[in-house]
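*Asks:* Residue-level listing of the chains:
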Amino acid sequence: MSDEFRNPPPGPGRAQGEERRGSAVERAVAAVVGFCVAHARLVVAVALVLAAACSIYAISHFSLNSDINALLPTNVEWRRHELAFERAFRRFDLIEAVVEAPTPELATAATSDLVHALEADRTRFESVANVGDSSFFQRHGFLFQSTDELKRTAAGLIEGEPIIHDMATDRSLRGLVAGLEDALLGLQAGRLKQDDFARPLDMFSDTLEKVLAGGPSSFSWRVLIEGKPASPNELRGFVEIHPVLDFKSLEPGHEAEATIRRLAAPIAAKYGAGVRLTGPVAINDEQFGSIKENAFRNGAITVAIVVFILWLALRSGRLILALVVNVVVGLAATAALGTLMIGAFNVISIYFAVLFIGIGVDFAIQFSVRYRDERHRLGDLETAIRSAGSRVAMPLALASLATAAGFFSFLPTDYRGVSELGLIAGMGMLIAFLTSVTLLPALLKLTNPPGEPETLGYTQLAPVDNYLAKHRTPIIVGTLLVVACLSPALYWLRFDFNPIDLQNPKSEAIATYLELQKDRSVEADAVQAVAPSLEQANAIAERLAKLPQVASVRTLSTFIPSDQDEKIPIIRSAATKLEGAFEAKEAATPPTDAENIDALNEGAQRLTESAGEQQGPGATAMRRLAALLSKVAQASPEIRDQASETLIRPLNADLADLQAALEVKPLTQADLPRAIVDDWIGVDGKARLSIMPKANPGDIRATRSFARAVLAVEPNATEGQIAILKAGDMILWAFVEAGAWALASIAVLLFLFLRRLGDVMLTLVPLALAGLVTMQAMTFLGMPFNFANIIALPLLLGVGVAFKIYYIVAWREGATQLLQTPLTRAVFYSALTTATAFGSLWFSSNPGASSMGKLLALSLICTLAAAVIFQPILMGKPRTRADRNN
Amino acid sequence: MSARKVFFAAAMLVLSSSAIAQEGTPEEQAACRPDVRRFCYRVNPNEGSGAFLSCLQEHRVKLSVRCRAVLEKHGV
Chain A
5 MSDEFRNPPP
15 GPGRAQGEER
25 RGSAVERAVA
35 AVVGFCVAHA
45 RLVVAVALVL
55 AAACSIYAIS
65 HFSLNSDINA
75 LLPTNVEWRR
85 HELAFERAFR
95 RFDLIEAVVE
105 APTPELATAA
115 TSDLVHALEA
125 DRTRFESVAN
135 VGDSSFFQRH
145 GFLFQSTDEL
155 KRTAAGLIEG
165 EPIIHDMATD
175 RSLRGLVAGL
185 EDALLGLQAG
195 RLKQDDFARP
205 LDMFSDTLEK
215 VLAGGPSSFS
225 WRVLIEGKPA
235 SPNELRGFVE
245 IHPVLDFKSL
255 EPGHEAEATI
265 RRLAAPIAAK
275 YGAGVRLTGP
285 VAINDEQFGS
295 IKENAFRNGA
305 ITVAIVVFIL
315 WLALRSGRLI
325 LALVVNVVVG
335 LAATAALGTL
345 MIGAFNVISI
355 YFAVLFIGIG
365 VDFAIQFSVR
375 YRDERHRLGD
385 LETAIRSAGS
395 RVAMPLALAS
405 LATAAGFFSF
415 LPTDYRGVSE
425 LGLIAGMGML
435 IAFLTSVTLL
445 PALLKLTNPP
455 GEPETLGYTQ
465 LAPVDNYLAK
475 HRTPIIVGTL
485 LVVACLSPAL
495 YWLRFDFNPI
505 DLQNPKSEAI
515 ATYLELQKDR
525 SVEADAVQAV
535 APSLEQANAI
545 AERLAKLPQV
555 ASVRTLSTFI
565 PSDQDEKIPI
575 IRSAATKLEG
585 AFEAKEAATP
595 PTDAENIDAL
605 NEGAQRLTES
615 AGEQQGPGAT
625 AMRRLAALLS
635 KVAQASPEIR
645 DQASETLIRP
655 LNADLADLQA
665 ALEVKPLTQA
675 DLPRAIVDDW
685 IGVDGKARLS
695 IMPKANPGDI
705 RATRSFARAV
715 LAVEPNATEG
725 QIAILKAGDM
735 ILWAFVEAGA
745 WALASIAVLL
755 FLFLRRLGDV
765 MLTLVPLALA
775 GLVTMQAMTF
785 LGMPFNFANI
795 IALPLLLGVG
805 VAFKIYYIVA
815 WREGATQLLQ
825 TPLTRAVFYS
835 ALTTATAFGS
845 LWFSSNPGAS
855 SMGKLLALSL
865 ICTLAAAVIF
875 QPILMGKPRT
885 RADRNN
Chain B
169 MSARKVFFAA
179 AMLVLSSSAI
189 AQEGTPEEQA
199 ACRPDVRRFC
209 YRVNPNEGSG
219 AFLSCLQEHR
229 VKLSVRCRAV
239 LEKHGV
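Residue numbers (the working numbering), protein chains in the order written: chain A, 5 to 890; chain B, 169 to 244.
The set of hints was computed from the structure by calculation and includes no laboratory data. Being a predicted model, the structure only gives us computed values, none of them experimental. It is possible that some hints are incorrect.
Partial list, computed: chain A residues near chain B (C-beta under 8 Å) [stated by the list, open to error]:
no. : residue
1   : Ala193
2   : Gly584
3   : Ala588
4   : Arg610
Stretch by stretch, here's where chain A covers chain B in the computed footprint (C-beta under 8 Å, at least three residues) [to be verified]:
no. : region
5   : 196 to 204
6   : 219 to 233
Lysine to aspartate or glutamate pairs mimicking EDC-like chemistry, simulated, CA-CA at most 16 Å apart [as the list claims (entries may be wrong)]:
no. : chain 1 : residue 1 : chain 2 : residue 2
7   : B       : Lys241    : B       : Glu196
8   : A       : Lys274    : A       : Glu649
9   : A       : Lys581    : B       : Glu240
10  : A       : Lys881    : A       : Asp763
11  : A       : Lys690    : A       : Glu81
12  : A       : Lys635    : A       : Glu81
13  : A       : Lys581    : B       : Glu195
14  : A       : Lys730    : A       : Glu213
15  : A       : Lys589    : B       : Glu195
16  : A       : Lys214    : A       : Glu667
17  : A       : Lys581    : A       : Asp703
18  : A       : Lys589    : B       : Glu196
By construction, the Cβ of each residue, glycine as well, lies at the ideal position given by its N, Cα and C atoms.
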């Protein structure tokens, strides 16, 4: 540590004369720099060979584990429950294909076709399941109605028997007209009102208009019968796919997703359907895909801007070259060391590169700017490099140790993703320091940049410096007062726990997920639990269902209809009445085109007659359909074929379902489709429970209450909101823990180097102030912390500490008017490059990355202001030798 | 996914026709329905099955074989 505190020299920033007798650190670094300058070629050659070796090692051993579960610990209780559940049910490595079609019939058919197509490809898909299996629910639909509903349905079926019979035995346009005429007889009998016909007839008219126009057309008998438009859920099918994943790729499910899309394309075209992919695998792939996509664009723009800023700071291509080579070599070494230490990088620790560039460039800029200053002062290249080395030794050593300590603080935390990042980035800081005092001086010597005729400081900032010095006390008191007064606002600083908020809501996987989440019947974010057997699961379900926070609980038993003894006779009695409709001998000979034309004309005439002179929706609909039937009768046979195809194909499917539903037999667990059973009963017979909260996903308070209540009844409940809350708590706690370790270790380090509690405070107070102001600004800008931008904190801590150390060391050496010094130039450009590198994330389409960029830019401004403006004022005039002796 | 509503559910009532002829088995009714639709659609079903029967008899020559068989079976 420097024993030399001298009186302030006359010029800004000039601390002391050239012949300083430095501390042990300074002397050691000066010796190293001297050696490297003397043997520049050797040093650069060794460094390049080492860098090449490191690159080869890193590239050949590089592996990335994109499994986000690898970020979380395995040894905490909630994770053990989650892992146990995952082992039994594997719901993380899932792609959910959501099939949407214009009608329920088309959705069912398209989903079933997709399942068959996917099942054929066993190399890409481990399992494919039609979990919603709508055909199963169609077949057993009667049993799933309540007894009262069923009685009404049966009465309707019996009364509608003539229509069903006529259409079922003659599945043609002629048969449809017969059904229509049967219904018109009901009108005549006064049992139906004219306006009852408005909706059904308009549905036929809409379809026929489309057929006549030659466009895509569809018709749903189910929608006609239900009397209301189909719910989104009815127009959807779900296929749950366990793909073969490749965790060596940034998008592990990419291959599988591409295959699904390829296989789905012809099916989608055939049924006028859409197939969208969501589920954990698709969501993660999409996120990492977007990061990768942005990474290239961002990288190119960022490098260009950073080089431009370096030009402003250094004004020499040779200096920039030296600096870039220095950072690249350091990065290669860090990558190799990281690969060696942790094996595979995870999706957070891969950010070490960004951290390394940010802070590594800072160290190099500090050295280079100091070199330029010395070169201007001393003239000779070699002397200038040596002198710069001895001058930056202390601040760089301290800054690298402090930033490394900051990063290492994440090592003891449970959040593996960040603790690995801490390890690599911490080592990186030490490497960055090493290259900055060995390779960089050698490179400077070899590149031999031109002399520096101009001074480097910002002399134009002198009035500001003077003003700040003059009003020191009011500025300090005012700042502290304002910050203290605003601090209560931190109460409203939010932490956004919802990981979905970090992703682009317009992207396919997320948009689909959000849509499904809104539809409560899909249970997209239900909490899950597992019981040793279905009986036990049902017992737990019963207890859970009593909780006021719980909306519903499902187990496999939910799929076995209740009161079957009562329902089956009702269905059988209706079945007897409808028997004839499905008898093969009743089937009519298919009509010729001419017979169809006759029937259509007859239908048109009956409709016109029924409409009479009446006004009103029913009569209007009758006249509209009459006109269309005539048009179809006059149109080409192809149009009639198309009309028949559009109307009869879904009719066939629905009649088959009806026929199957009428052949009712008691439904037991053994009759449930495999896909549904596998979805609810895992390996070893473990049974799954799905628990839906009453709370909306965004309501944190209600969600916490729900989670607490469920966990009290069923401690192994996991996934859904419980997993999000638990992971959120763990991550927050990891950062609090790491923050405490970082502050403590940095304080100890500073004390060891500075040996004065006052100086430690002069460093930490501006740091804490920068942190506070950043968070206050976040509160007022309505920016919450989230899982992405919180990763920015270690970097800010590192950069913030480094800046403050530069100033405190300069001040202790007796520097004054700090705003005008080359140090401020170095710090300013260093902050600018870091802000550019990270600020570019702000413009990312990924909200997580964007929020990280925003927070980084904001906090860099705060930390820069705290170091450049506030800290010098706080420190005041440098101590004199007399002060120190006292 | 909730169990979907069943095809031909309660709303079938909307389109339910009246019983065309209250007598006879569903098969017998079905056998004559095309003829009823063709020749007797103006008959008011509220007048009872007798009204349909006399209408069918009126058009006896034009009736389908199946419907004529039903009528004969019932001695009409």
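*Asks:* Now look at each hint and say whether the structure bears it out.
*Replies:* Verification of the hints:
Checking Ala193/A against chain B by beta carbon gives a least distance of about 4 Å; that is within 8 Å, so the hint holds. Below 8 Å, beta-carbon pairs count as interface contacts, and Gly584/A has one with chain B at about 5 Å; its hint therefore holds. With 8 Å as the threshold, the beta carbon of Ala588/A stays out of range of chain B, its nearest partner Cβ sitting at about 13 Å, so the hint is violated. The beta carbon of Arg610/A comes within 7 Å of a beta carbon in chain B, closer than 8 Å, and the hint placing it at the interface holds.
With 5 residues having a beta carbon nearer than 8 Å to a beta carbon of chain A, the region 196 to 204 of chain B meets the requirement of three or more and the stated coverage holds. Restraint check on the region 219 to 233 of chain B versus chain A: 0 residues with Cβ-Cβ distances below 8 Å, three needed, restraint violated. With a C-alpha separation of about 10 Å, the suggested pairing of Lys241/B with Glu196/B holds against the 16 Å cut-off. Only pairs whose Cα atoms come within 16 Å are accepted, and Lys274/A paired with Glu649/A is accepted, the gap being roughly 13 Å.
About 23 Å separates the Cα atoms of Lys581/A and Glu240/B, which puts this hinted pair outside 16 Å; it is violated. With a CA separation close to 13 Å, the supplied pair Lys881/A and Asp763/A stays within the 16 Å bound. Of the pairs offered as hints, the one joining Lys690/A and Glu81/A is violated, with about 19 Å between alpha carbons and a cut-off of 16 Å exceeded. A distance of roughly 71 Å separates the Cα atoms of Lys635/A and Glu81/A; the hinted pair therefore is violated under the 16 Å criterion.
The hinted pair formed by Lys581/A and Glu195/B meets the criterion: a straight-line CA distance of about 10 Å does not exceed 16 Å. For the hint pairing Lys730/A with Glu213/A, the CA-to-CA distance comes to about 56 Å; that exceeds 16 Å, so the pair is violated. Simply put, Lys589/A and Glu195/B have alpha-carbon atoms about 11 Å apart, close enough for the 16 Å limit, and the pair holds. A C-alpha spacing of about 36 Å is found between Lys214/A and Glu667/A, which places the hinted pair above 16 Å, so the restraint is violated.
For the hint pairing Lys581/A with Asp703/A, the CA-to-CA distance comes to about 53 Å; that exceeds 16 Å, so the pair is violated. Between Lys589/A and Glu196/B, the direct Cα distance comes to roughly 14 Å. Compliance with the 16 Å bound is thereby established for this hinted pair.
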